[in-house]
Amino acid sequence: VVEHFDMKFDFENDDNRDSQDQLREMKEQEKAHMAQEKARMEQEKEIMKQQAEQARIEAKESRKEAERLRQETRVVIANGHRVDDLRMDAGESVEINWEEIMITFLADYADLIGQLQPEEKIVINQKSPFNEMFVVWEGDEERDEINSKNNAITAEVFRKDVQAYKSGKINRDEFVKRISISKKAPTKKNPDLEMFTSIMDRYYSRDLSETFISEGKPRYEVLDGYGAIIHARAISPGNKGNVYFYNPGETWTMDQKQNYADDEKLYPQFKENIKAFLLDYGRTIRSFDANNKLRLEVKIQSCRACKVPKILELSCDISLLKQYDQQKISREKALEAIEIKELF
Numbered sequence: 001v002v003e004h005f006d007m008k009f010d011f012e013n014d015d016n017r018d019s020q021d022q023l024r025e026m027k028e029q030e031k032a033h034m035a036q037e038k039a040r041m042e043q044e045k046e047i048m049k050q051q052a053e054q055a056r057i058e059a060k061e062s063r064k065e066a067e068r069l070r071q072e073t074r075v076v077i078a079n080g081h082r083v084d085d086l087r088m089d090a091g092e093s094v095e096i097n098w099e100e101i102m103i104t105f106l107a108d109y110a111d112l113i114g115q116l117q118p119e120e121k122i123v124i125n126q127k128s129p130f131n132e133m134f135v136v137w138e139g140d141e142e143r144d145e146i147n148s149k150n151n152a153i154t155a156e157v158f159r160k161d162v163q164a165y166k167s168g169k170i171n172r173d174e175f176v177k178r179i180s181i182s183k184k185a186p187t188k189k190n191p192d193l194e195m196f197t198s199i200m201d202r203y204y205s206r207d208l209s210e211t212f213i214s215e216g217k218p219r220y221e222v223l224d225g226y227g228a229i230i231h232a233r234a235i236s237p238g239n240k241g242n243v244y245f246y247n248p249g250e251t252w253t254m255d256q257k258q259n260y261a262d263d264e265k266l267y268p269q270f271k272e273n274i275k276a277f278l279l280d281y282g283r284t285i286r287s288f289d290a291n292n293k294l295r296l297e298v299k300i301q302s303c304r305a306c307k308v309p310k311i312l313e314l315s316c317d318i319s320l321l322k323q324y325d326q327q328k329i330s331r332e333k334a335l336e337a338i339e340i341k342e343l344f
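The opening position of the sequence shown corresponds to residue 1 in this note's numbering, with each subsequent residue numbered one higher.
Treat the hints with care, as some may be off.
[Unchecked claim] Cross-link-like lysine-lysine pairs, in silico, DSS-like; alpha carbons within 30 Å at most:
id : residue 1 : residue 2
1  : K183      : K293
2  : K341      : K299
3  : K271      : K328
4  : K322      : K189
5  : K183      : K160
6  : K166      : K49
7  : K293      : K189
8  : K310      : K121
9  : K121      : K188
10 : K38       : K49
11 : K166      : K60
12 : K341      : K328
13 : K341      : K265
14 : K45       : K60
15 : K341      : K271
16 : K293      : K188
17 : K271      : K322
Hints listed in this document are in silico derivations from the structure and should not be mistaken for laboratory results.
Given the structure is predicted, the values throughout are model-derived calculations rather than measurements.
Could you build all of it, start to finish, from the sequences and the hints given here?
Here it is as structure tokens:
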């Protein structure tokens, strides 16, 4: 009985030693694995740190470039999207990259146009040689009809692509690929309208005008079957010529310290004066049929509190101008026949 007991006891000791060895080996393997995992995590952490630093540098550079483009874009659409007065500090003209400006505008501001459906398009037109940019969209037939005549560069993109870019579903490179850009040669100049706009620019210059002042040479458009539309801008004599910046949701960013006190007094005189100007100098426009029309749209920049319209529109038939030029109608009746619309 004693010998049998001793054999059983030795067997159990051997079994315990094997279990302890296995446990110790498992712990060593686990320790080695944890050390390897720690080293791997440290390596990944260092790589991620380097990537984060590189991304930070790239983001900083991107922000600088984006801010530069935003500033350029704001200047482009300042004062109703006008840039012909844009100059460098040295007084030299700025070379404008219209395609880059349009892409930047669509990327940064197109999502602010919230009334569009996903399948509708946002369209930007730049009209050469006037250095102007217009934002339009499908469905605005009157604006599309006017802006499609003289386009030098057009950029358009679907509203759904703007939403995809803003929500992060596509990156900027993919968004840019979805922007369609086309270029067209400007239409031939009209000698009569060139003369008329030049005279108007000089007539309402700061040193000659006693009322509002022309802000840059007016531009014109010739529409088949309609006639001509002349677009002009007028500013208050109290305006010192500062640069005006466009901000989303705002029409003007103005220097309220400037003197606009006399604008309301000057406007009635300006309205009568420009009506007479249209009659006197419009009769020199002889390259249109009698059934065509001549329309003059003047955007007026004044203080917000002043009772001065934002847009003054004057229109008449070419036949009226011909009759007056041939003395077949009195000056009083001709002036009365000119239609006037005011948008406040």
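query: Looking back at the numbered hints, which does the structure fail to meet, lowest number first?
result: The structure conflicts with no hint, since it agrees with every one listed earlier.
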